[in-house]
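Input sequences plus hints: build the corresponding full structure.
Respectively, the protein sequence lines represent chains F and D.
Residue numbering for the first sequence follows my numbering, beginning at 8 and increasing consecutively.
Residue numbering for the second sequence follows my numbering, beginning at 81 and increasing consecutively.
None of these hints come from the bench; they were simulated from the model.
Only true hints are included.
Covered stretches of chain D, going by a simulated chain F footprint (3 or more residues, C-beta under 8 Å): (1) 88–97; (2) 123–136.
Just a few of them, taken from the derived set where beta-carbon distance is under 7 Å, the chain D residues facing chain F: (3) Leu141; (4) Thr145; (5) Ala148; (6) Val149; (7) Glu150; (8) Arg152; (9) Leu153; (10) Ala157.
To give a feel for the contact side, a few chain F residues facing chain D, derived at Cβ under 10 Å: (11) Asp35; (12) Arg39; (13) Leu42; (14) Glu48; (15) Leu60; (16) Gly122; (17) Ser125; (18) Ser144; (19) Leu171; (20) Tyr172; (21) Leu178.
Please read these numbers as outputs of a predicted model, since none were measured by experiment.
Ideal Cβ placement from N, Cα and C applies to all residues, glycine included.
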Amino acid sequence: MDPDRDDAARLRRGDTDGLAGLMQRHQDRLFRFLLRLTGDEPMAEDVFQQTWLQVAERIGRYDAARPFAPWLFTVARNLALDQLRRLRPGSLEEAGEPAAPAGTDHDPLARAIAGQRSSRLADAVARLAPLDREVLSLRFEAELELSQLAETLGVPVPTAKARLYRALARLRPRLLAHAPQEEWR
Amino acid sequence: MSGHVSELLPLAAAGALDAREQAQVAAHLGACEACAREAAAWRDIAAGLAQLPASRPSRGLVARTVEAVEARLAERAERAWNRAALGFLIAFAWTLALLSWLVIDLVAGGLALRLDRPVGPTAAWYAAYVVAGWLAAGVTAALVGRRAQEQGRIV
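So, in structure tokens, the structure goes:
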């Protein structure tokens, strides 16, 4: 039995142990995704909490025949994009102010441990548009397969593929512009 | 060399190619050093993206979230219980109202016999009785609901 399906069924019956199981398995990558997409820790925390509230409210609409993660990330994505749209007058497809590189930017020790190279990559990602950041985070950090990525974005698979390609193509020049010789080449 | 596959390399590193495209890339990389170098660079970027530094949700955030969800679930359970109780009470009230038809009919017939004259149409008496009963129940429900809301409880 798929543990997500099992826990979703328990949550549907109002059993909070079901929620505990789902959170334990998905909270880290969900939070990472929200940090990456919003580029703002307080906003990510707010959306994180709202996401689980909506999951509890709408668990009856979750189709247990399908994987849980894309449904969860769809809920989170919609909430995050609503918040970003309220705060950003411009298009989410355009890179605006660089987002804070998610997570360890104000923690020098963690930054040192993560390494300069990784930090430069995080900085380059933070300079991308929100919709590019989300597709990269969903594929590489949340590890959604292409079909799950398409489901989460609410687009056909070829469109998801095109968005993934576009995000990567936009990332590379930003990386090369700030990287030392030989890195990422 | 003709037929470079540079356009496919970012997606190859992302594991997002279909079988035909994968075969095309594999065949080309064996014969093209430039594309092989490019593929290695993209693989490097993909590996880096999978290991970007990132915070985990704090214990406080997780605890607050669990608390908020538990409160929401309790609220939902209470609403469901209230709906079920209300449905039962409505069904019970209608049953009583229909059964009381027999009583009213009997009382009105007996009264007419005792007074030795008709007391008016029984159906009208019955309708007045039902309307008065429902009005009283409605007013009581509204008053109870208002009081519960003032106390900050869920109705």
